[in-house]
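Chemist: Residue numbers (the numbering used here), protein chains in the order written: chain E, 722 to 1171; chain A, 2 to 471; chain S, 12 to 473.
Everything hinted at is true.
Listed next, the stretches of chain A that the computed footprint assigns to chain E, with coverage defined by at least 3 CB atoms under 8 Å from CB atoms of chain E:
1. 127-136
2. 179-191
3. 253-260
Keep in mind that the hints were calculated from the coordinates and are not lab data.
Remember, predicted model here, so these are calculated numbers, not experimental data.
All C-beta atoms in this analysis are idealised placements derived from N, C-alpha and C, irrespective of residue type, glycine included.
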Amino acid sequence: MNVLPTALRRAALGIVCVMPCVAGAQRGTWALTNARIETVTKGVIERGTIVIRDGLIVAVGADVAIPADARIIDLSQRTVSPGLIDLTSTLGLPAPAADGGGRGGGGGRGAAGGAASEPRFTGLDPERVAADELHVSPVDAKATRDAGITAVLVAPGRGALRGLSALVPMHDSVSGTDALRSPVAEHFGFQGAQVGYPQTIMGVIAYQRQSLHDARRHGQVQDRWRTNPRGLVRPDNDPKLQALVPVVRGTLPAFYEASNENEIRRAVSVGKEFGLKFTIVGATEGFKALDALAGHPVVVSVNFPRPALTTGWAYRQSMQHASGDSAAAARETLKAIEGNAAALNKAGIRFALASGGSRPGEFVANVRKAVAAGLPADIALQALTIRAAELTGLSEALGSIEVGKIANLVVTEGGGVLADGAKVRTVFVDGERYEIAPSAGASSTGEKLP
Amino acid sequence: MKRFQSRRAYVAWPVCGLALAASAAFAQQIPPAPQPAGSGTAPLTMPIPPAGKLVAITNATILTASHGTIEKGTILIRDGKIAEIGTNVPVPAGAVVIDGTGKFVTPGIIDAHSHSSLEGINEGTESVTAMVDIGDAFREDGLTLYRQLAGGVTAANVLHGSANTIGGKNLTVKLKWGLPVDSMRFEKAPPGIKFALGENVRQTNNPAPGRTPRYPRTRMGVEELLRERFTTARDYQAEWAAYNKARSALKKGDAEPIPPRKDLELDALVEVLEGKRLVHAHSYRSDEMLMLLKVARDFGFRVATLQHGLEGYKIADEIAAAGTGVSTFADEWAYKLEAWDAIPFNASLMAERGVKVTVNSDSDERARRLYQDAAKMMHYGNTSEEEALRMITLNAAWQLGIDKYTGSIDVGKDADIAIFTAHPFSPAARVDMTLIDGRLFFDRKTAPTLAALMQLMRRTRAAMGNGGVN
Amino acid sequence: MRRLLLRVASAWAGVIPLAAMAALAAAGGIAALAALAATSPLAAQMTPGAPKPAPAYVIRNATIVPVTAARINNGNVVMQGGRITAVGPNAAVPAGATVIDGTGLFVYPGLINSGTYIGLDEIGSVPGGNDRTELGEFNPHDVALSAVNPHSELIPVARYNGLTSAITAPTGGLISGQASLVDLSGWTGDEMAVKRSAGLVVNYPRAGGRGGRGGGGGRGGAQSAEDVNETLRHLREYFANAKAYSDVKAKLATGAPGKQKTDLAMEAMVPVMRGESPVIFEAGTVAQIRGALAFADSFKLKPIIRGGHEAWQLADTLAARKVPVIVGPIYAAPDPEAPYDEIYANPGVLAKAGVTIAFQTGGASSIRDLPFEVALTVGFGLDPDDAIKAITINPAQIWGVADRLGSIETGKVANLFVTTGDPLDPRSHVRYLFIRGEQVPLVDRHTKLYEEFRARPKPPKR
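Required output: the full structure, derived from the provided sequences and hints.
Modeler: Next comes the structure, spelled out in structure tokens:
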């Protein structure tokens, strides 16, 4: 479990900036003054100061003494919010091979021109550790960070049993060793294996259920082996089962990607059957399965599906002949899709919001659409920060502006990060400062050096 | 003119305010569908009609499928169940009345072989996939379900495909289109499983390109595999029995025994051995059907149905003796070698010899006109009218183990009913209404028909002063 | 023998079009003519080897549905020498005629299925029996009849419900080849032929979907708009070449100087370009039908629309232009966005608008379903009389053989059947069937297997 802030380790190693720094991160002790502060957990401070040292928030309030070593940044007319957290990312993982691995060709990154070989990962990889492979390029990191996202949860994007995710900060050039936490969860999904069983959704569910049964027994046998091996056939050390033992015991969360109504119901049913500590991820048709989701945490994607891809579309489509207004069906459906998070909120379901794989800029824009469709803005901000932090088990370190938490902050002009027309100007990741180059002619921040 | 280049372009044309006048009298009688609790948070709910507490279909010709035809009869439906049938049934006050004058009423059609509205039909990677459940692939919103309702279908046996010797578990559904999958599940139906024999299993006509051939490749191998799997299932059954015995004999302080590995595939096969799971076996040739019946006999279970069973007529006595039903096509043949001896007299001949036969669709398209396929059984082989009707209703219910609840028009059964404009076997036949549990799931008067569309186009055209659709 | 030969030849003279005669003569000379003159198979079956007078039959006291005239109660139909020689309540019975009691029965003209590949395919999954689809996109000189297996087991099965004739046509490519109109009986393909070349099959490209040319196979699938344009360009080019070839040929025929190298594919296009032979456009959607009509206009072709599930939208145009539509198969699912009953209701809309419609089932093994496919459209608005016309006289008109087929009239070829009721009603049973005045027993692979296994004794108890 690696929760050591990157900045600290970097400081210890004397590294300031490893890679060509696109935006030029600056490390140090900062005092952000005259800012409007959305703490998320402790209300809004209309005009206050945040002091950052060694990557942590050491003081926050309307009336805070500024230490002598702090560089002061005057944030008049600016709003500071906790950095956003996206729990649906594949950033930094090698692209999956284009085909089943059989035909070679110029497949994904890292798939050196070797001859036909078994793919290393098939989508049945519960033992896969994202942190072991990931490397976020400076360009990707910047694009993410520029939207105000300071941490992302990285997990393989396809498969039935995808592996273990890592929560990583959005520095330039981040590797798995920089992870805030790993593993965060085992990731489940409905895609079949690249080769062989299972290929269909019913096969995937059967495979997951069998794997969980096996893991449960594996844990029992292992425990027995450790305490009293006499007379016991020695259990093998199957890494796949090994990885699932904490999942089936409910000690490691299961993140289950399920988007449409039936996927959600099926995922919930598996989660309940095995008593998993599960979170439904995606849930773009959560509004159609409120009963199933009740009482379970959800990561709601705002990567809205097209109306024609929603469950029940065919029904409305066919009925349009009788009503004579097909555009209404599309409008009504789109409204429901964008109102998904609002519906979940109204039903008392606790959720985080996530990009669902949409581009970083689009992500925040779509959150605004969800707000426009009825999701209270303060809930939306919570869902992007503290609630997301909770789901990763790091709510003591991330997700709000409080003393002792990691200084992941986003500074915006024109209102808080979710306000219409707000522009991200500065981002702090582990207390490292990244200036966002204004797109055109905007003034820079009024920094005063001590 | 260009405006109407295609219907697709046309329907995208906003014509608000031109609501169709085809709002039926019946639709007005039944109150609009109540929105579920908290409707504000549940948009996109399907307009499913409510369950009328009391519905009466009056003055109709009722083909009961179990006890003959009742002329000018009334069916009273109370709380979704058939409460009374007869010529002298008084219509209680407050009942929603469907005037059946000139109409023909039949039990809702049951399709004993369907692959409708599925996300993936075959888990064809292995030849034995008893662990998979087709219920996990079923969607409630396949357009085909609505079109089948329009053909009078009210229930279906949704099956895994025929790629595997032992395929997946089945799903018996009522076609309550638009309701969540769990509401469509026929809860009281016994579980089943798909088996398959012959060309499909050995992948004769569709070998996986570039892949190593999958075992088995012959009908010999299919039998061998079946015997091997059921032998393993028996061992597994014994292993669990021993474990449960040891556990119940456990004394205080004894170490808890470690259970045997739970195997979802073998669990399903044990259920077959124990007679708790119905076997629906895709099969064509008489020899392979006899093989399966023998394997089943050797392992002590009954095969519920031979699906397709195209050569069943050659061994009708053997099938009847095994208590096995056959679900067949009305008249398909010659599409592959093992369908070369298929004859349209198959169903009739088997029925003559005491086999419970159904005529099935195996196709979204054919499911819309099963009533005509049943009529063909009168054409080929002179099956009686009632027996022909049973082949798409009561016999199907029997084959699926739901004949206590549906399949005929009898007091106490679910009000699963199709109402036709004319005798269902006549050329003038058309379904006007389809009810499931007394709820109206298809109503021709409010349905999006071609006539309704044309009427709408004419009105729009008139409203816009356009000369013609052409 | 000589007398018989003459009679048969005369009976057939009207049946085989002159063009086909000429083609036959060119192709096989004396041999082909000899084949043409051979005795019919069923007559020979009855008395093998011996010549026998042309059979005469009378169906007595039946309800006759001539289709082109009012139905006749308690009438007689007399057949002799392959032709219908008398129809009516008082039609005289020739001496020696075989008499069939038609009491309580109905006589209909033989049903014509206007789209099949009967004889070109036997068992679907067995490639050895498949002669439907030639390689390449343009095969105008391929003629279905040249590959029709007259001994296909599927042919007797097809007759079971009253079918006596069918269009059989190649499939695939852009120009699949020439469809042939055949009677469903004959020792050889040529003996079966009613019209060796009934029309040129053109698969009009269909837009929609995400492109990806469907490879060499059938063109049923949708193409992207660009692909459609590209395909159409090829098709237009081909027809333009054919037009040029045809024009040169015509000029040369007037004695104009010059010469032309004979191209068999182009030769096959000549009657099409002259508007003598129709083009059967496989076209289902409105866009396809419009496109096909415009295409036909630009080359002055004689179009027939086949498929036409969206033809209802163009009903008035099609009626005004007198373009016939071969609807079907009716055993087909509507497009996803279409009304649920589009396929069933379309024929009724067309007929009401005055479009000449006929039906096709497609396929080979199940073409006997023709009357039952039609039946499904009656419940959805097709007038029952129009329905019968659409599988008798209408196709006879469309295929240019209304002088010989399609109704029960004196002088027409005796293709007819006797049934217990409405042929569209599956509860009816066909009792007798005649093709070219010969009684064809209603025996086929299916009835034989049925009788064989119906007679199977109870197996011994085990």
